[in-house]
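Asker: Start from the sequences and build out the full structure, keeping to the hints where you can.
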Amino acid sequence: MRYEAPDSIKAAATMLAKEKGAAFVLAGGTDLLVKMKGGFLEPDLVVDIKRIKGMYDIKKSAVGFRIGAAVPGVALGENAALVKAWPGVVEAANLIGSKQVQGRCTMVGNMCNASPAADSVPALIAAGAKVAIVGPKGKRTIPVDQVAVSPGRTSLKKGEIIEAILLPARPAKSGDAYLRFIPRTEMDIAVVSAGVNLELDAKGVIKDARVSLGAVAATVLLVPAAAKAIIGSKLDAAALEKLAAACSAACKPIDDKRGTIEFRTKVAGVLARRAVMIAYSRAGGK
Amino acid sequence: MPLDTHFTNQVFKSVGTRPLRPDGIDKVTGRARYGADYNAPGQLIALVLRSPHAHARIKKIDTSKAEKLAGVKAIITSADLPDLTGDDRGMKDTLENCMARDKVLYDGHAVAAVAAIDATTARKALKLIKVDYEVLPHVTDLDEALKPDAPVIHSHIFTSGVTPKPTKPSNNNRRSEYGHGNVEEGFKQADVIVERTFKTEQTHQGYIEPHACVANVSPDGQGELWVCTQGHFVYRNQCAMLLGMDVSKLRVTASEIGGGFGGKTHIWTEPLALALSRKANRPVKLTMTREEVFRASGPTSSTSIDVRIGAKKDGAITAAHAVLRYQGGAFPATWADFGAQTSFACYDLKNVKSEAIEVIVNRPKVAAYRAPSAPMAAFAVESVVDELARKIGMDVVDFRIKNAAKQGTQSSYGPVYGPIGIGPTLEAAKNHPHMKAPLGKNQGRGMACGFWFNFGGQTCVDMNVTPDGSVTVAVGTIDVGGSRASIGLMAAEELGVPFDQVRVVIADTSSLGHNDMTDGSRGTFSTGMATIAAARNAIKVLCERAAKMWDIPEDAVVWENGTAKPAGANAGSFPPLTMREIAEGAGNTGGPIAGHNEMVADGAGVSFATHICDIEVDPETGASKVKRYTVIQDAGKAIHPSYVEGQYQGGAAQGIGWALNEEYIYGKDGRLQNAGFLDYRIPVCSDLPFIDTVILEIPNPNHPYGVRGVGETSIVPPLAAVANAVSNATGVRMTHVPMSPPRILKAISAHKG
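Residue numbers (this note's numbering), protein chains in the order written: chain C, 9 to 294; chain F, -3 to 749.
No lab work stands behind these hints: they were computed from the structure.
Don't take every hint at face value.
[Claimed, not checked] Ranges of calculated distance between the beta carbons of each label pair, as one might list FRET restraints:
#: 1; chain 1: C; residue 1: 86; chain 2: F; residue 2: 218; range: 51 to 61 Å
#: 2; chain 1: F; residue 1: 113; chain 2: C; residue 2: 19; range: 31 to 41 Å
#: 3; chain 1: C; residue 1: 46; chain 2: F; residue 2: 682; range: 17 to 27 Å
[As the list claims (entries may be wrong)] In silico EDC-like pairs for lysine to aspartate or glutamate, Cα to Cα no more than 20 Å straight-line:
#: 4; chain 1: F; residue 1: 123; chain 2: C; residue 2: 50
#: 5; chain 1: C; residue 1: 45; chain 2: F; residue 2: 287
#: 6; chain 1: C; residue 1: 265; chain 2: F; residue 2: 675
#: 7; chain 1: F; residue 1: 664; chain 2: C; residue 2: 263
#: 8; chain 1: C; residue 1: 43; chain 2: F; residue 2: 675
#: 9; chain 1: C; residue 1: 45; chain 2: F; residue 2: 114
#: 10; chain 1: F; residue 1: 120; chain 2: C; residue 2: 270
#: 11; chain 1: C; residue 1: 45; chain 2: F; residue 2: 675
#: 12; chain 1: C; residue 1: 181; chain 2: C; residue 2: 216
#: 13; chain 1: C; residue 1: 250; chain 2: F; residue 2: 616
#: 14; chain 1: C; residue 1: 265; chain 2: F; residue 2: 287
#: 15; chain 1: F; residue 1: 664; chain 2: C; residue 2: 264
#: 16; chain 1: F; residue 1: 748; chain 2: C; residue 2: 249
#: 17; chain 1: F; residue 1: 123; chain 2: C; residue 2: 249
#: 18; chain 1: C; residue 1: 45; chain 2: F; residue 2: 288
#: 19; chain 1: F; residue 1: 623; chain 2: F; residue 2: 577
#: 20; chain 1: C; residue 1: 265; chain 2: F; residue 2: 665
#: 21; chain 1: F; residue 1: 742; chain 2: C; residue 2: 194
#: 22; chain 1: F; residue 1: 621; chain 2: C; residue 2: 65
#: 23; chain 1: F; residue 1: 123; chain 2: F; residue 2: 63
#: 24; chain 1: C; residue 1: 107; chain 2: F; residue 2: 683
#: 25; chain 1: F; residue 1: 275; chain 2: F; residue 2: 287
#: 26; chain 1: F; residue 1: 23; chain 2: F; residue 2: 252
#: 27; chain 1: F; residue 1: 742; chain 2: C; residue 2: 263
#: 28; chain 1: C; residue 1: 45; chain 2: F; residue 2: 665
#: 29; chain 1: F; residue 1: 742; chain 2: C; residue 2: 264
#: 30; chain 1: C; residue 1: 107; chain 2: F; residue 2: 675
#: 31; chain 1: C; residue 1: 250; chain 2: C; residue 2: 270
#: 32; chain 1: F; residue 1: 748; chain 2: C; residue 2: 270
#: 33; chain 1: C; residue 1: 265; chain 2: F; residue 2: 288
#: 34; chain 1: C; residue 1: 265; chain 2: F; residue 2: 197
For each residue, glycine too, the CB sits at the ideal point set by N, CA and C.
Answerer: This is the structure:
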C-alpha cells in the first residue's frame, strides 16, 4: 500500500486518477481506517488530503459558508457563526461517533461513506447544501442529495474529490433541526433520522421547507410531500399529522439488525414532527 | 480444620473497611499486564480460520499453498490435535469446540490455525487455506430446533431423562425435573392463576478484554502459557490433556483480567496456540479479535420459558410450575438445570415443579455468564408473580413477603435453607424511600427478587512471613472483582496487622496446589476461608518461635494484636514480640515462617437480592430510559464494602443491558450479524443512572466471618425488575427480552389495537 500526502488538490486528484488499484481519500479516517483494520478494505493507494491548503477552513461570505473537506466535527461546533446560522447541520455532524471521533470525523467523509444512516447528510440535504468537486477534468458543483447513489456508492468519478461543502446564506426567520433515533444515548448509528429546514414569513407562517429522512431507504430521502404538508401553516395539529403521514408514506426501509420496517416507518413520522417543531421555534415561530 | 464460626457481635479491625485497592494504580496507569501485554522473544503471531457456515461437513482442508508462503512457520488443523480424551465426552466436546473435526457446527467455528512471523503474513496465509465444505441445513432458534422436522445436529444425542429412551437422535439433549408436592392439586386450590410464555435472546458477557495468550512449548516437552483466564489451573489441566502433556510440565501464568463474568472459564484458542508452538518450535501469541469473541467464545443461552402460578385471594401461592428451555449452543450442556433449580428458589412453596429442557442449536458453545441461567428464569417467574399480585389486588412487595422462603423452608430445588436473606431484602425494599418516590409521566416502577447458590470448591493458599515481618499471600484464584483486597483484609484481620503489611498475589500453576477457577462467587468466600486457616497456621508457628526466643513452653504463648505475648503471669514476664522481631530472628529459631492451607470450601451460603427499577418509556418511539435503580442484597459479611457495592452495581448494569438492548442476531443464513459493540449494544455510561445499593449482612454460618459470595446474584433480578417497570409504564405485559424500542413500540401498538 502506498501513502501519499500531496499539497495541492489537483495533485491529489491526479494520483487517484492514475492509480490502477483500489485508491481512497483519507481525511479524518474514521471510516477508512476502521474498514482497513477490520479487513474489509485493502487499499493500494491512500491519498491524505489534510496537508492541502484550505481543507481545514470554514469561510463565511455573502453567499453562505464554505467548509473544507477535512474540517472535523468538533471545529464545526466551535464556529459560532456556523452554529448560529445552521444549528441543525452542526448538531447532526456532532452526533457522529464519540468525543474522540469528533476530533477527526468530517462531513464530507460521512457523505462519501454513502451510508443511508449518515447523520450529517439529512441535515445537509434539508439545508440545500452543495459540494464542490475537483477532478482530472476540472471542477463541478452538485447538490448533496446527488452524491450517494446506493449504500456504499457515490456518483463521484475516478479521481474526483469533494473539496468543500457549500451552505447557502440564511434569510431572516429561518431555522433547521436534526433528530435521530438510536437505542442508546450515544456512540451509535441512526435507526431512523429526520432533517428539517424551514423559513417563515413575517407572520410566522411557513413559506418554504425541506424535509429529509435518513435510514429509511437506500439513500437519504428528500420528502417534498412532507414539506408541502407544512408550507402555509403555523404547525397546527393537522399540519403536523399530515407531515408525519407523508414521511411514513415516503419510507422504503428494510428489516435489519438495527430496526424493523414497521418501526422505521412509524418513527420517521414522529421524528420529523419533533424536528419540525424545533426548527420552527429556532426560526422564531410561536 | 477447626474454624471458629461464632460471628455474632464479632468486632473487626480490618474487615469492613475500605482501603485503596491494591491493583488500582497499575490499572489506571496502564502498568497492569493483561493477556495481550505478554510477549516472548522470537514469538510468532497466530490467527484462526473460522467457518462461515452454521452447519457443514468438512470434506477437505488444503493448506499446501499457505504452507509455502514465506514467513509461515506452522499450520494446524484437527489432524494436529488427535483425540486423547478417552471416555471423557465433555472434554471430547471441548476439543471439538476448539477445532472442528468432521463438521463445523456454528458460524465462527475454528477449522485451522496459522502461526507466522507477523500478522500480515498470517492473514495472507489464512486466505490461501482452501476448505471444501458440504453445507448442511442449520437451525439457530431453540424452539425451531425442537420441532420434529428440524435438522439434527448430532447423530449421537438421544434425549436423556425420559422413558422410554428415544429411538431417534434429536436436538433435545436432556430433560430433568425439580420440585415437590402436587402442582395439579395445588392449582385446584387457587383462586387466580396466571400463565404465560416468555422468550429471552442470547447475550454475551461483553468483557472488554478479548481472550489472549502466549504459548511456548519446547522440544523437551515442557511448556508455558501466559493467558487471560478465570482459572489457570483448570486451563492447565485441560490443555495438558488435549495436548497429551504431563500436567506438571505445563506451567500457566494468569494475566490481569479485563472482565470474564464466567466467559473465561473455558478454553478456546489456548490449545491451538500450544499446538502451533509445539509444531513451530517457537513461542506463539494468539489474540482474539472482538468479532471472534462474539462469534466463537461462550455467550449465555437464549431461552423460552412457560410459567404458571396460582394463588388464593389472600395471596398464598398454592402451586407453581415452569417449563424452561435453554440452548447450550452446538454441544450438550446443563444450563436449563440451573434455570429450573433457581426459578422458584425465592419462595416457600407447597406444590412446585420445574422442568428443564436442554436444546442443541447451531450457535457457539454456551459458557457461564454470572449466575448462569438464573436471570432468564427469574425474568419469567418474577413477571408472573408481579402480574398475579396485581390481579389479586395485593401490593407486589407484600405478596412476595407473604410467600418468601425462610430458615427451615424446603427449597424448590431440594435443600432446606439455613438463615437466608430473601425476607430481609424484601422488608428493606418495602421501607426504602425509592419505593415511595413519586413517578413522572410515562414512567413505571418494577421490582423483582433473585437467588443464586454460590460455590466453594478446591482451594489452596500459601502465606509467608517475610524477613521484615510483612506478609505475602499466594493464592490460586484469579482476582476478577477485588479478591486480592478482600483476602488481604482477612489476612490482616486474622494476623492482627495493618492491611498494607499484607500483599496478595496470584501464583502460577507450578507454585501452588490445584485451585478451582474463580466462578460461583467463590473467590472471597473460599480463598478467604483458606487464608484465615493459613493465617492461623502461621500464628501457631509465630507463637512457637516466640516461645523459643523466650525459652518457655509453646502453649505458654498467645497471639494478640499482631504480637506474641506470654499467656499469663505464670508464663513469665516478657514484652510482646512483634511479627518483625520474630521474623528477624527466624534464622536462629527454625527457618522461614509460613502458614499453608488446602481445603474443599464447603458451605457457600446462598444469596438473595431484591431490585427496584423506575423507567420512562417514550410511547411514540418505544425508547426507554432507566431513571432510578436500587439494589438490595445480602452479603453475609461485606469484607470490602466498596467492592461489594461495585459487584451489586455491575450486575445490575449488565442486567439492564440484557433487559433492554443486548442480543445475538442471526440471519437466515445462520451467520451472526452483530459481532461487534456497535450493534451488540451494552449500555454506555450515559445510558444508566447511578445505581443505589443497600448491603444487608445475614451471616453465613459456614464461614468464620459470615461471608457469602456477592458477585453473581446482582444480575438475577434486573431482567424481571426492568420488564415489570416497562409493563407498568406502558400497561402492556412484556414477555420478550430484550425490550428493544421496536419490541416495545410493537407491543404498545398491538395493545392499542
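Asker: Indicate, hint by hint, whether the structure satisfies it.
Answerer: Verification of the hints:
no.: 1; hint: 86(C) - 218(F): 51 to 61 Å; result: 60 Å, holds
no.: 2; hint: 113(F) - 19(C): 31 to 41 Å; result: 36 Å, holds
no.: 3; hint: 46(C) - 682(F): 17 to 27 Å; result: 26 Å, holds
no.: 4; hint: 123(F) - 50(C); result: 13 Å, holds
no.: 5; hint: 45(C) - 287(F); result: 12 Å, holds
no.: 6; hint: 265(C) - 675(F); result: 7 Å, holds
no.: 7; hint: 664(F) - 263(C); result: 12 Å, holds
no.: 8; hint: 43(C) - 675(F); result: 16 Å, holds
no.: 9; hint: 45(C) - 114(F); result: 15 Å, holds
no.: 10; hint: 120(F) - 270(C); result: 43 Å, violated
no.: 11; hint: 45(C) - 675(F); result: 18 Å, holds
no.: 12; hint: 181(C) - 216(C); result: 11 Å, holds
no.: 13; hint: 250(C) - 616(F); result: 16 Å, holds
no.: 14; hint: 265(C) - 287(F); result: 16 Å, holds
no.: 15; hint: 664(F) - 264(C); result: 11 Å, holds
no.: 16; hint: 748(F) - 249(C); result: 18 Å, holds
no.: 17; hint: 123(F) - 249(C); result: 54 Å, violated
no.: 18; hint: 45(C) - 288(F); result: 14 Å, holds
no.: 19; hint: 623(F) - 577(F); result: 57 Å, violated
no.: 20; hint: 265(C) - 665(F); result: 14 Å, holds
no.: 21; hint: 742(F) - 194(C); result: 23 Å, violated
no.: 22; hint: 621(F) - 65(C); result: 39 Å, violated
no.: 23; hint: 123(F) - 63(F); result: 12 Å, holds
no.: 24; hint: 107(C) - 683(F); result: 16 Å, holds
no.: 25; hint: 275(F) - 287(F); result: 27 Å, violated
no.: 26; hint: 23(F) - 252(F); result: 9 Å, holds
no.: 27; hint: 742(F) - 263(C); result: 14 Å, holds
no.: 28; hint: 45(C) - 665(F); result: 25 Å, violated
no.: 29; hint: 742(F) - 264(C); result: 16 Å, holds
no.: 30; hint: 107(C) - 675(F); result: 19 Å, holds
no.: 31; hint: 250(C) - 270(C); result: 18 Å, holds
no.: 32; hint: 748(F) - 270(C); result: 15 Å, holds
no.: 33; hint: 265(C) - 288(F); result: 19 Å, holds
no.: 34; hint: 265(C) - 197(F); result: 13 Å, holds
Hint check: violations occur at hints 10, 17, 19, 21, 22, 25 and 28; the rest are consistent with the structure.
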